[in-house]
Amino acid sequence: MPEMITLKVNGEIVEVAKGSMVSSAVAVAGAKMFRRSVSGEPRYPLCGMGICFECRVTIDGQPHCRSCQIPCRQWMVVVTDD
Amino acid sequence: MSSSSYDIVIVGAGIVGAACAAELARAGLGVAVVEAGSIGGGATAAGMGHIVVMDDSEAQFALTKYSQDLWRELARELPHDSEYEECGTLWVAADDEEMAEVHRKKEFYGSRGVRVEALDEKALRGAEPNLREGLAGALLVPADSVTYPPCSARYLLEQAQSFGAQLFIGKPVVELTGNGAKLSDGNFISAGISVNAAGSWSPELTPGLNVQKRKGHLVITDRYPGYVRHQLVELGYLKSAHSISSDSVAFNVQPRATGQLLIGSSRQYGVEDKGVDHHILRRMIDRACEYMPRLSKLSAVRVWTGFRAATPDKLPLIGPHPEIKNLFLATGHEGLGITTSLGTAKLLSDQILKRAPVIPVEPYLPGRDHQEAAHA
Ligand SMILES: Cc1cc2nc3c(=O)[nH]c(=O)nc-3n(C[C@H](O)[C@H](O)[C@H](O)COP(=O)(O)OP(=O)(O)OC[C@H]3O[C@@H](n4cnc5c(N)ncnc54)[C@H](O)[C@@H]3O)c2cc1C
Ligand code: FES
Chain W
9 MPEMITLKVN GEIVEVAKGS MVSSAVAVAG AKMFRRSVSG EPRYPLCGMG
59 ICFECRVTID GQPHCRSCQI PCRQWMVVVT DD
Chain V
239 MSSSSYDIVI VGAGIVGAAC AAELARAGLG VAVVEAGSIG GGATAAGMGH
289 IVVMDDSEAQ FALTKYSQDL WRELARELPH DSEYEECGTL WVAADDEEMA
339 EVHRKKEFYG SRGVRVEALD EKALRGAEPN LREGLAGALL VPADSVTYPP
389 CSARYLLEQA QSFGAQLFIG KPVVELTGNG AKLSDGNFIS AGISVNAAGS
439 WSPELTPGLN VQKRKGHLVI TDRYPGYVRH QLVELGYLKS AHSISSDSVA
489 FNVQPRATGQ LLIGSSRQYG VEDKGVDHHI LRRMIDRACE YMPRLSKLSA
539 VRVWTGFRAA TPDKLPLIGP HPEIKNLFLA TGHEGLGITT SLGTAKLLSD
589 QILKRAPVIP VEPYLPGRDH QEAAHA
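Just so you know, the protein sequences line up as chains W and V, in that order. In terms of the working numbering, the first sequence opens at residue 9 and continues consecutively. In terms of the working numbering, the second sequence opens at residue 239 and continues consecutively.
Chain W with its partners taken away, still in its complex shape (with noise of 0.2 Å):
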């Protein structure tokens, strides 16, 4: 078993293997969307390598983090638009 790591995404506590991305574990969480658009469309992760800024969320209260960038920390707490 790898270590796992337990955080929070938009509400409920999710485990991801140590290692993962918040990308990851928004997607374990099966959050409805990532971001909304300035036009009010849903949002998910595009390129996932730090370029699109598509797989933005707010983590530990800083919006506008790339969620595919940004390794999982314990009891991290991301949030998602909905």
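Calculated from the structure, these hints are not laboratory results. All residues carry an ideal CB built from backbone N, CA and C; glycine is no exception. There's no promise every hint is true.
Said to hold, decoys possible - Computed cross-link-like contacts, SDA-like style, restricted to lysine to any residue with a CA-CA straight-line distance of at most 20 Å: (1) LYS535/V with ARG81/W; (2) LYS535/V with GLN70/W; (3) LYS535/V with PRO71/W; (4) LYS535/V with VAL87/W; (5) LYS535/V with CYS60/W; (6) LYS535/V with ILE78/W; (7) LYS535/V with ILE59/W; (8) LYS535/V with ILE67/W; (9) LYS535/V with CYS73/W; (10) LYS535/V with GLY69/W; (11) LYS535/V with HIS72/W; (12) LYS535/V with VAL85/W; (13) LYS451/V with ASP511/V; (14) LYS535/V with GLY58/W; (15) LYS40/W with GLU62/W; (16) LYS535/V with ASP68/W; (17) LYS535/V with MET84/W; (18) LYS535/V with THR66/W; (19) LYS420/V with PRO410/V; (20) LYS535/V with GLN77/W; (21) LYS535/V with PRO463/V; (22) LYS535/V with PHE61/W; (23) LYS409/V with GLY268/V; (24) LYS420/V with PRO445/V; (25) LYS535/V with GLU62/W.
What the hints assert, rightly or not - Far from chain V by the CB rule (all over 12 Å, computed), these chain W residues: (26) ILE13; (27) GLU23; (28) PRO53.
To be verified - If you anchor each label on the Cβ, the simulated ranges turn out as follows: (29) ASN448/V with GLU49/W: 47 to 57 Å; (30) ILE59/W with VAL509/V: 30 to 40 Å; (31) ARG44/W with ASP333/V: 35 to 45 Å; (32) SER47/W with ALA365/V: 29 to 39 Å; (33) ARG532/V with GLU49/W: 27 to 37 Å; (34) PRO598/V with ILE59/W: 49 to 59 Å; (35) ARG44/W with SER534/V: 23 to 33 Å; (36) ASP524/V with MET57/W: 27 to 37 Å.
Dock chain V with the ligands against chain W, hints included.
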């Protein structure tokens, strides 16, 4: 070659040319506006759009206060995309010396009918929780506002057009005389009066003007609604922006209607290159972070530069050219041209139409002695 004739030809469709066109067309004159690039595409697109009453000199106060009153009136009809918002200015004092300046400013503004309020350290933190701890306080000027300048310029030109003004966009003027403007395509727009409103390019059309380019950088962030609530300007700004010769940076942050933050500002003389100068950009951002440490965690989406049209005494040139008959100037607005565009349009039109101005025009006449004023 064709030729058409107007009462007035205005070169430049920045906020100043646009405001002058609206005012003169409304007064019933036949107006043509000629613009080399796009509407509001010069300094007007590069600026911050802070509409601010200033107190460097009595003349600067008079023009900025008069203009601000005109903006408040115009705001009633401005379209949504002008993003006019009366967010107020907080002049932030870092230490006791700057707090003394808060009180001096309070007295200056208060005694001239501008509503102001001094905030102590605690009140400042309540007003702007993202500022660092340990600042001394601030002066709040609640009636100061912000706008998105290119859209306001477009609106003013639409007003001018509704009173019959003609626009010539994408038409560089190669020669401007008291009789009209010669375009690069060979056409000549003849007019009874020509107005040079070409901002920092105005000396290219009218050689000998005492107007210099002063470069500035701005950064815009992603959307962080509520992060900043007022236009924030450090009072140390006065010390740094005063220096006419050396490069300077200052903490100057503006909340946009989108939730984005505009972060400024820098001032550089003797630079013609439009490119981003990473050294001064670094200094500018470091300065901003001294006041707002968590700014460093926000993401910036774009950086750009623009050129202010600076005069030695920091007052614009509004009125007839001292030597060339029928050539008028409306230029040299440095870092205040969004604010002072509306007052400029009134004072220029008053002179052309021989109306009585609301404030004295003498301090802004192009024929004044700049050098003397600069040392006063
Ligand atoms: C970084 C920065 C921040 C600023 N912040 C503020 C602020 O917060 N508040 C404020 O009040 N002011 C601010 N300013 C100042 C303000 O932006 C300017 O004073 C104002 O935009 C000047 O307007 P203008 O119409 O005179 O010039 P411009 O907007 O530069 O317009 C001149 C126009 O003339 C045209 N032109 C030039 N040559 C020719 C030619 N030969 N033929 C035809 N057309 C020509 C240009 O294309 C241009 O569109 C700032 C400026 C900068 C650079
Ligand atoms: S998915 Fe493109 S930046 Fe994260």
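Against the structure, the hints come out as follows:
no., hint, result
1, LYS535/V with ARG81/W, "holds (18 Å)"
2, LYS535/V with GLN70/W, "holds (8 Å)"
3, LYS535/V with PRO71/W, "holds (10 Å)"
4, LYS535/V with VAL87/W, "holds (17 Å)"
5, LYS535/V with CYS60/W, "holds (19 Å)"
6, LYS535/V with ILE78/W, "holds (14 Å)"
7, LYS535/V with ILE59/W, "holds (18 Å)"
8, LYS535/V with ILE67/W, "holds (12 Å)"
9, LYS535/V with CYS73/W, "holds (10 Å)"
10, LYS535/V with GLY69/W, "holds (11 Å)"
11, LYS535/V with HIS72/W, "holds (10 Å)"
12, LYS535/V with VAL85/W, "holds (17 Å)"
13, LYS451/V with ASP511/V, "holds (11 Å)"
14, LYS535/V with GLY58/W, "holds (16 Å)"
15, LYS40/W with GLU62/W, "holds (14 Å)"
16, LYS535/V with ASP68/W, "holds (12 Å)"
17, LYS535/V with MET84/W, "holds (17 Å)"
18, LYS535/V with THR66/W, "holds (12 Å)"
19, LYS420/V with PRO410/V, "holds (9 Å)"
20, LYS535/V with GLN77/W, "holds (15 Å)"
21, LYS535/V with PRO463/V, "holds (15 Å)"
22, LYS535/V with PHE61/W, "holds (16 Å)"
23, LYS409/V with GLY268/V, "holds (19 Å)"
24, LYS420/V with PRO445/V, "holds (16 Å)"
25, LYS535/V with GLU62/W, "holds (18 Å)"
26, ILE13, "holds (22 Å)"
27, GLU23, "holds (27 Å)"
28, PRO53, "holds (17 Å)"
29, ASN448/V with GLU49/W: 47 to 57 Å, "holds (52 Å)"
30, ILE59/W with VAL509/V: 30 to 40 Å, "holds (32 Å)"
31, ARG44/W with ASP333/V: 35 to 45 Å, "holds (43 Å)"
32, SER47/W with ALA365/V: 29 to 39 Å, "holds (32 Å)"
33, ARG532/V with GLU49/W: 27 to 37 Å, "holds (29 Å)"
34, PRO598/V with ILE59/W: 49 to 59 Å, "holds (57 Å)"
35, ARG44/W with SER534/V: 23 to 33 Å, "holds (26 Å)"
36, ASP524/V with MET57/W: 27 to 37 Å, "holds (29 Å)"
Violated hints for the displayed structure: none, as all numbered hints are satisfied.
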